[in-house]
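Engineer: One letter stands for each residue in the lines below.
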Amino acid sequence: MSRVLPYCAYLERDGLTLPHSGVEKSPVAVVQSGSVRLLWSEIPWPFQPEHLQQNAVEFHDVVHHVFRQTAVIPFRLLSTFEDAGLLKRFVAEHQVAMAADLDRLASYVQMESVIYTIAERPGPAASGTEYLRARAQQAGTIREHAERLSAAVADVGAEVRLRENKNGIRLFALVNRGAEHGFHDAITGVAVPNGVSRRISGPWPAAEFMSEEVKMPALVTRNE
Amino acid sequence: MQADLEPITIGGSSGDEVSLLEILDHVLNSGVVLHGSLVISLAGVDLVYLGLNVILTSVETALRNLEAGGVIEKRASK
Chain A
1 MSRVLPYCAY LERDGLTLPH SGVEKSPVAV VQSGSVRLLW SEIPWPFQPE HLQQNAVEFH
61 DVVHHVFRQT AVIPFRLLST FEDAGLLKRF VAEHQVAMAA DLDRLASYVQ MESVIYTIAE
121 RPGPAASGTE YLRARAQQAG TIREHAERLS AAVADVGAEV RLRENKNGIR LFALVNRGAE
181 HGFHDAITGV AVPNGVSRRI SGPWPAAEFM SEEVKMPALV TRNE
Chain B
1 MQADLEPITI GGSSGDEVSL LEILDHVLNS GVVLHGSLVI SLAGVDLVYL GLNVILTSVE
61 TALRNLEAGG VIEKRASK
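Sequences listed follow chains A and B, in order. Each residue of the first sequence is one higher than the last, beginning at 1 in our numbering. Each residue of the second sequence is one higher than the last, beginning at 1 in our numbering.
Since the hints were derived computationally from the structure, they do not count as laboratory data. Just so it is clear, CB atoms sit at the ideal spot from N, CA and C, and this is done for glycine as well. Some hints here could point you the wrong way.
Examples of chain A residues lying across from chain B (beta carbon under 7 Å, computed) [unchecked claim]:
| hint | residue |
| --- | --- |
| 1 | ALA56 |
| 2 | PHE59 |
| 3 | HIS60 |
| 4 | PRO74 |
| 5 | PHE75 |
| 6 | ARG76 |
| 7 | LEU77 |
| 8 | SER79 |
| 9 | SER201 |
| 10 | ALA207 |
| 11 | MET216 |
I would like the entire structure built from these sequences, with the hints used as guidance.
Structural biologist: Here it is, written out as structure tokens:
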């Protein structure tokens, strides 16, 4: 049994090189609609959990092969279509929105910094009030640090967003391609407070900055 | 617009070893969401939205373990 796995969409232009194989060494094919091209493979189905790590790297390698050359709209591993016909209809129905996003994000990459606490949790003897106070203090420290980082990268990022999760805060910056080290320098120029750690990663496709229509498209359905 | 993109992954407690988990996090958690098509199947068992959340939670747990100094498989940055 097989399924169709989309990797990423991009705008056609001369000189782009494409990967030959993707997840589970499946050949990579191209579907096109207007100026939009989308890479996909027919892959064995279902996914095998023991292959997930390898599949993730293979998927990443396909997306980044194109992303190194131009802007892409990445799809997510594990999201599949039943067949190539449904994928082609999907691309045809969403190619205008995808082309607009790809054009808007053409000169940008996404850089990230994840900020999280490394402070020890209050001991079991701590009262509920002490525990909540300590957690609130940790959250406040992380939030304050994230806001300082946000201000620090304001000059190198065309747009900066903060998103809280249960582990801390994630900072996303839309940075000009080639200015990644400016982001890195801006982040590392801010001292890390006690009890806080952070990671910097990138460049990634600007997925956080895609339009909602592209990020969560209405799905085509099969005509019976 | 060809540019030589050099991956940057630093910080945390394990330096470059974070790369693989960053990749896992992004390929599962970043990009177009085909809502309505999130019927996925692992090992022959159909999973819907809840199943995907379970996978993502596993990745988050792995990231937390890494942040706590856990060891993960290393993948050299390209």
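Engineer: Which earlier hints turn out false for this structure, listed by number in ascending order?
Structural biologist: none
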